[in-house]
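From first to last, the protein sequence lines are chains A and B. Each step along the first sequence adds one to the number in numbering that gives the first Met the number 0, with nothing skipped, and position 192 is 191. Each step along the second sequence adds one to the number in numbering that gives the first Met the number 0, with nothing skipped, and position 60 is 59.
Since the hints were made in silico from the structure, they are not lab data. Among the clues, some could well be false.
Distance condition first, Cα-Cα at most 25 Å in a straight line; then the derived SDA-like pairs of lysine to any residue [said to hold, decoys possible]:
id : chain 1 : residue 1 : chain 2 : residue 2
1  : A       : Lys85     : B       : Val49
2  : A       : Lys85     : B       : Ile153
3  : A       : Lys267    : B       : Leu148
4  : A       : Lys85     : B       : Phe231
5  : A       : Lys267    : B       : Phe96
6  : A       : Lys267    : B       : Leu136
7  : A       : Lys167    : B       : Ile153
8  : A       : Lys63     : B       : Tyr74
9  : A       : Lys167    : B       : His151
10 : A       : Lys267    : B       : Ala105
11 : A       : Lys267    : B       : Ala149
12 : A       : Lys267    : B       : Asp152
13 : A       : Lys167    : B       : Gln154
14 : A       : Lys267    : B       : Gln154
Everything numeric in this text was worked out from a predicted model, so none of it was measured.
So you can see what is in the structure, the chains are spelled out below.
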Amino acid sequence: MSLNRSWLLSSTLALMAALSGCGPADGAAAPSTAAGKGRGHVTLLNVSYDPTRELYEEFNAAFKRQYERQTGQTVTIDQSHGGAGKQARAVIDGVKADVLTLAIGYDIDQIARRTDLLPTDWQSRLENNSCPYTTTIVFLVRRGNPKGINDWEDLARDGVEVITPNPKTSGGARYNYLAAWGYALRKFGHDELKARAFVKSIYKNVPVLGSGARDSTITFVQRGQGDVLLAWENEALLAIAQLGADALEIVVPSVSILAEPPVAVVDKNAASHGALAAAQAYVRYLYSPEGQRIVARHYYRPYQPRFADPEDLKRFAKVETFTVNDVFGGWPRAQAQHFDDGGVFDVIQNELAQGR
Amino acid sequence: MGPSAASAHRGIAAGHAAAPRLQGTTADARWLEWLFIGVSWAFLALVLLVPLGAVFCEALREGLRAYFDAFDDPYAWSAIRLTLFTAAIAVPANVVFGLAASWAIAKFEFRGKTVLITLIDLPFAVAPVVSGLIYVLLFGMTGWFGPWLASHDIQIIFAAPGVVLATIFVTFPLVARELIPLMQEQGTDEEEAAASLGAGGWQTFRRVTLPNIKWALMYGVILCNARAMGEFGAVSVVSGHLRGKTHTMPLHVESLYNEYNFVAAFAVASLLAMLAVATLAVKTAVQWRMQRELQDSAEP
């Protein structure tokens, strides 16, 4: 009996020791007090959307070097990635973002409207509507394009499986949907009813709606589901670079949408821990020659192509684009009409669920 | 103490006692027996062994070097540290809670007892995502206590405390659930006897109650620890996905997978799997000790 007790005691103690030996120092979120050289140390949190992971990994390293050289201050940059709508919600709920780099201005508008973290005119504070880079929506298909998919109407054909995420949670998915809608408006002479029927016939071919752009890319590329993926151009080019040009190819439709992912400093959060200057320098650095070069290397179309490597620019296909402002009268209207609860997207989904 | 301990452990040990062979075994029964064994193994292989094997295959796909490179990454280590830190708080907290709750429920009669028992099961009944959202609603900036916490510069969700809280919430029934049936079955006879012989409260607990429940407690701790390290849903909601700060191991695996970093994702997943296997080994050892003690105490 005493043997048993000592066995229990020692094993419990060993477990506790093993567990507690390796925790507290790092577990508690350490404020930015880590010792740095020069004029101190500053921490930035960049809350971003899904496909920018690789871009900001490189950009952050470049910014750190440049900022330290210029000011003598060392910088640590933390990243958070996820579906754009979800990320905006998290910032409203209290994630202490210093910089936002989201997919859609509407999501940052929501933060400005529901909190006092940044002014509502945030988008006019930087050039090009605060968009240091743009992208568009293209099709990613299997090598050799076995289903012969060349333009939007091929997505509405019977027997074509289309992969796209859910517009409720994903910014890219909202662009996909609006791109199809804009194409249909042109094709059918701005007949809204015909456009709606066209978009519905595309969503009839969608077997499952993923939660975010990256989720859908992995469904298509890694799990081999579907005939065509509607994707950000940057995401499609990255998928080919990462996962093999021998398996996939890009199809550029006759017309697509101009995607404008904006960036913004969250003034109040950054100021609260003395990082306002660093946050402002961070977003401005995106517009610098070096920033624009990195952006282009990561498959985003730079605002100022002259700073980018010409080789990188060659990868972008020529495509005619329209903007959300041109066709839908801006994001607030597009959001209210199509994506809010009870909007056109919901109605279409309900009809499809009921087999109509 | 012998017979009572034997009956006390019946609940857990029953599964391991040799099952008595069916009376009048016929060829039919033998055939059925093999069928059931076969079905069980096939099912386990399909849902457990094959995926587990796949995790290790994928992790080692590009060789040992690539496998170990996955751990040569400050983000991986911070995820491992946060996971262990979380378990190191959640498990003891649940031991204290589980002991207190099961003690109260098994040894005393009081109003609201059934309500308490039902509430303990609540985390099993709600989806983990909801468990996480509860804390967002409480401590988020738009939640009940959010503005007050912010004005005092206290960060709970989207920081380590939120991860710990969410983990405690989803794991707290595990210890209590192991102890309550056992302590109820034991009743209060031995404690009453101890008290009548002059033992104090603490002495009674340490010398009478604890020896009776120690294996069940250990078992609860193991289950609780496994769940605490593996929890994804609730933690995902409150973490805010700050890489290097609020990523636990399961969240880190998801993040790596989403970055096309499949080898590293499966490598970290394999570490989680190994922790699970180690937990299983400890669990088996505990059961083995438990059974041996039963046999020892059954002999005069």
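Hints breached by this structure: 1, 5, 7, 9, 10 and 13
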